[in-house]
Amino acid sequence: MWHVAFAELRKLRRPTLFFGTMGAVVFFSALFSSLLFLLIDSPQGNSDRGRTIGREVLGLATGGVQGFSNVGGFLGIIALCVFAAQTAQEYTYGTLRNLLVRQPGRLRILLGKFIAMKLFALLMIVLSAFISIGASVILAPGAEVSTDLWFGADGRHAILTTFVNVTISVIGFGTIGMVLGLLLRSPISAISLGVLWLLIVENLLIAVKNSWEKWLPGAQLNAIATGGGPTGRSEGIEFSQALLVGGIYVAIGVTVASFLFVRRDVAN
Amino acid sequence: MSKTAISVSDLSKKYGDQVAVSHATFEVPLGTICGFVGPNGSGKTTTMRMLLGLITPTGGTGEILGESIKHPEKYLPRVGAMIEGPAFYPALSGKENLNVLATLGGFSKDRVQGLLEQVGLGDRGKSKFKTYSLGMKQRLGIAAALLPNPKLLMLDEPTNGLDPEGIQEVRALLRSLANDGTSVFVSSHLLSELELISDYLVMLRKGEVVFTGKMSDLMLSQQPVIIAKGAHENDLTLLLAIAQQAGHNATIRDGAVHVHGPADWAIEFNRAAFNAGITLSQLTPQLPNLEETFFEMTGDK
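Going down the list, the sequences are from chains W and R.
Residue 842 is where the first sequence starts when you use this note's numbering, and the numbers rise one by one after that.
Residue 1209 is where the second sequence starts when you use this note's numbering, and the numbers rise one by one after that.
Everything labelled a hint here was simulated from the structure, so no lab data went into it.
It is possible that part of the hints are untrue.
[Claimed, not checked] The following residues of chain R were derived to be distant from chain W, with all beta-carbon distances above 10 Å: (1) SER1215; (2) GLY1330; (3) GLY1374; (4) HIS1440; (5) PRO1470; (6) ILE1475.
[To be verified] Listed next, the stretches of chain W that the computed footprint assigns to chain R, with coverage defined by at least 3 CB atoms under 8 Å from CB atoms of chain R: (7) 845–855; (8) 932–942.
[Stated by the list, open to error] Pulled a few chain W residues facing chain R out of the computed Cβ check, cut under 7 Å: (9) PRO945; (10) ASP1106; (11) VAL1107; (12) ALA1108.
Virtual Cβ for every residue (Gly too), placed ideally from N, Cα, C.
This is chain W alone, in the form it adopts within the complex (with noise of 0.2 Å):
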């Protein structure tokens, strides 16, 4: 299993791959904190969906974290698209037969990608962390606001629970990731799959009914990251139900995927 792990993490590492993600990283990062404070008094609001945090909110022992935690589902359809190209590149490249002929242990070659993959993504959390407290520190004061709580007992309780949050988030989009590049076998199919259901299906169906968004993947896992509350298109999910929700929706899924990947014969 850890050789598989490090096997992966060789792949991972190629520049292309590292520094695409990482930048793609940043400037999401950036950009979600930045626009918490540059649009502050912009009467379009400043947050996802036209939602206005204030300076009162901001100014809390939470504030300094808004923006890391904002951008978490982001990192999560970036985490989906790297977990399910992964994967399904296997299949494509026809590189399976290389891995399976070398390490016959089906679920050691996934539970290994899988370490290696969450090692991946919690590199990106880190990132986007530093990378979204830093641009609000940086750019809090010229938006008139405070920042003395922000690293205090609550704030830095905040901080440690909010990159807990993204961080059960964004591997729960990287597993489901991984399985739809398990399941479809192809890149291209598993990202447009994924992408298209979390952008554009998901928010269609939330809009045509609310309360559908109880039971929607997507939004369980952009809930978890925000740690649940009220997300500006309703009243929002409870956190406990996100991560029961969320985590029965990522159970079925790994479940399904590793039976068909132990069972299914590799003939391409």
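Place chain R on chain W using the hints.
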């Protein structure tokens, strides 16, 4: 300790109603080079996949290096394989691709550069796989198969895309591995290549084994072929008729009449042709080569 590198009995694979491999039974002794031949779609790759644990047989049993094919984890660390062409990550260099496989299998990465040099890629190891020619990709595939220092090497069409020099190098490499005790199971459509290097042969047709045994036994069991040409092109049909009237199986191929019959019938054939007013420009009795034997046995061409 088992004396066979590969031993399969009644091995079968069906996809729905379609039979890919039907009751295949054969053995490959340790330390030999065994050619695995058959027309396209005859089940060679499917058989290799079953032996490597990539697909599950629908029937039969098999052993690799004395271990059941139901437990590939017990023998695959001692097996090197390249199946259905070389498959690697295009954005990684040849060397990095081998490093990935070495890490995965728990093999020493110190072997990687040596293997690249052994297959003639020593100076191209740092180039990305996607920039390799087909021949270079094949060479990298062979290097990857050699990573575990295998006791059994299974190669599917290893000379695809190689130039004549490369083919000769692969032939020499396989022979030297076999001399060092490695068993080699190799499929190729270049039958003349297999004829030169194989000790054993397994021949498949439509999923069924039509021959398994020593190459020398197969060749000796074949009836000689008398190849005859007339001075004029239109003599061929008359020569064909003479041979067939004498009760021999004969065909026209490559501008000559090929007659299956005892070598000493050539004298009688010459006389009959002379009596029919034909001057022969060629009359050669010879043992059929593997390609001719293959077509004879598989009924193709």
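Verification of the hints:
no.	hint	result
1	SER1215	holds, 19 Å
2	GLY1330	holds, 21 Å
3	GLY1374	holds, 22 Å
4	HIS1440	holds, 53 Å
5	PRO1470	holds, 47 Å
6	ILE1475	holds, 55 Å
7	845–855	holds (count 6)
8	932–942	holds (count 8)
9	PRO945	holds, 4 Å
10	ASP1106	holds, 4 Å
11	VAL1107	holds, 4 Å
12	ALA1108	holds, 6 Å
Checked against the numbered hints given earlier, this structure breaks none of them.
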